[in-house]
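Novice: Residues per chain are reported as follows:
There are 2 protein chains.
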Amino acid sequence: MTINIALLGFGTVASGIPFLLKENGEKITAQAGTDIQIAKFLVRDDAEKQALLAQGHQYEFVTDITAILNDDTIDIVIELMGRIEPAKTFITQALQAKKHVVTANKDLLAVHGSDLLKVATDNGVVLYYEAAVTGGIPILRTLANSYTADKITKILGVVNGTSNFMMTKMVDEGWTYDEALAEASRLGYAESDPTNDVDGIDAAYKIVILSQFAFGMTIKFEDVRHEGIRNITPEDVKLAQKLGFVIKLVGEIVERPSGIYAEVVPTFLPKNHQLATVNGVMNAVFVESIGINEAMFYGPGAGQKPTATSVVADVIELAKGIDKGEVLPAFNTFTRETVYATKEDLVDKYYFAIETEDKAGQLLHLAELFHAENVSFEQVFQENIGDDRASIAIISHKMDLNQFDSLVEKISNLEGFTLRNTIKVI
Amino acid sequence: MTINIALLGFGTVASGIPFLLKENGEKITAQAGTDIQIAKFLVRDDAEKQALLAQGHQYEFVTDITAILNDDTIDIVIELMGRIEPAKTFITQALQAKKHVVTANKDLLAVHGSDLLKVATDNGVVLYYEAAVTGGIPILRTLANSYTADKITKILGVVNGTSNFMMTKMVDEGWTYDEALAEASRLGYAESDPTNDVDGIDAAYKIVILSQFAFGMTIKFEDVRHEGIRNITPEDVKLAQKLGFVIKLVGEIVERPSGIYAEVVPTFLPKNHQLATVNGVMNAVFVESIGINEAMFYGPGAGQKPTATSVVADVIELAKGIDKGEVLPAFNTFTRETVYATKEDLVDKYYFAIETEDKAGQLLHLAELFHAENVSFEQVFQENIGDDRASIAIISHKMDLNQFDSLVEKISNLEGFTLRNTIKVI
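Protein chains in written order, with the UniProt record's numbering: chain A, 1 to 426; chain B, 1 to 426.
If you are wondering where the hints come from, they were derived from the structure by calculation, not from laboratory data.
Nothing here was measured: the structure is a model prediction, and the numbers come from that model.
Only true hints are included.
Derived pair list, reagent style EDC-like, types lysine to aspartate or glutamate, alpha-carbon separation capped at 16 Å: (1) A:98 with A:122; (2) A:324 with B:326; (3) B:238 with B:172; (4) A:27 with B:337; (5) A:320 with B:326; (6) A:242 with A:383; (7) B:169 with B:235; (8) A:151 with B:23; (9) B:27 with A:337; (10) B:151 with A:23; (11) B:271 with A:172.
Take these sequences, add in the hints, and give me the full structure.
Specialist: Here it is in structure tokens:
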């Protein structure tokens, strides 16, 4: 038997797939129990087709999706075009044509995943997407297959390589945000418009998908609070170090008694936290649960070969089942009603960076404010920063979101005090 | 439908299973597609049975394995007795009675795994054992299901919690081996005879099993060179730190052009290596491959709930298939002929700890020896240690095992020089 696949798009990741099928062909065939063969490649237009043929690529390139949809020999369609359209339409049409689909398209899955999964179910086929979250880390299949007996209580993820590269430079080298962005651009890690990476949007997409696998709940993308790394200053980084922390952009999903909550925000991580050593463009997902307790899954978040490896692993899973004539299981079978946590139930420590006149009694004013909110200090660091000004950094004990909002308002309104930044502390 | 399971043994891990089935019952039933129920518990004798009943446990305790073997309502047998016998006999009998078996017994699997797997195949049932390697880290299923498209070139594992706890104390606190062992014993991490943990035997068992999943080859236990942590001195730890490393007991499996090689040895890890921050009783498996490149899987290596979680995840996988009437796939389907690497193909850096008289020309003697073997220095650190004696620590560049053996012999025979220790450097 041979399983025929069609690829949509001939970009970086897509061109890694023929590499793997050739380089690891023997193992892949043995694992799948069948040959896997690329039947067709969908490219943009005739110009791209001619260019690829001229480069010596010997695939059947087509420019019209119907050539794939109507080809009954094709079992699996792999979408690697990215963005929303035409990927969404093509995936929908492929599912309707009873073809299984593999994709790495996190933007699409985070926003339209539920709709696409319904189309798949209605047509008796499945949609797999291991590569959509942290490209090379096999986290989704692990959550789906190895956490079946466990109850996850918290996910912490460093899931955006570009921003993590920048934060690593800001922490290790003391660079400013702008210096780190310039280097990320120079190295090709940051796009010309870096918004999705530096503002936490890309990470929030991944958090939506992780919430489905880890908690069985579908948090809407617009319900994931996201705040990027633009406002992190070298002062924050330095103060973090003095207080025993490193700053990273962390996506967090937590289940509390009242429900679930997710956000992507700059976060103080204790230096000895396993996530604190995840540096450069590497990604990691830290999982807290009642059974396994603490585990971390670390690896490349992107890149041609890591992403292609995850895509082909999905294809092999599908091929195994097709070969045996089995009904293929959905990629994720864990679903519960989505219930959001209340603000009272969201309890964290925070870092407050405050500037004020360097004179007696200033810290007392702050202590009174915190005391009135029933929140105590865990660490305080004060220093003179010149011009008779003092910098006061506070690591608080735990407070709920209402207390936090109230404290932020009160400090902001305190005459002679500037609240320069607040950052969540793990 | 209800899947009935029988448990052999009522130790720490076994008693974690009823906890999970109760605490996560709803999720487990949903994931398995069926109820999972404990039908019988095998205990040692009537005294243990009476004691457990007196404690209020309301299971059907049996003292004779035939009560389980002859019970046609039992689909899955879970062996959690440990050691070789009677576990080996009971597992064999259960497989012959056409019952699927789940076990966490690494000693047994490392030595008799191939035989047991053959019995399973011959009887049309399967043997699953996720919990046998690094209890709470779902590494075996990940290697089996997510590395299907990849080719693994190296595995590095910190896979023994007791010795890692001790090495962490020796590195972070400067403790001696004996001090660390005393604390590990006090905390219940080390058994009264700590041989298996501190001499790398337990880790070697796990390395055998990992070699099967990662490389498709079965390295014999006696072919895994193992050397423990007894000979690591505070001087070695201090020198490692000066040279930019931490020492850990690391299991390594590497595939070279000529074949495969595995060993468990104390290892210098660069401070920024992801494994270097795996501390205390925690475990991690670092995987290098041509597709994903570098990934690490971190978590608890033992413990009641982590291990029970992995066991129940295996049970759920089995229950899913039984419920659907499918032929269950073997736990690991990746097999190749086992070929061992040649000594010439095993190339590593090494740390040499040497003591000699503190006088002119001593380093020159060593430099000449290394030069004669065509091996160069990467780092050298020399200091006077009193009594006109000098300590010389050398980190070499890469050499093969023949060069290493030759250098060790030559330095040992060099008059006036003592070769205090050699340690592999990653």
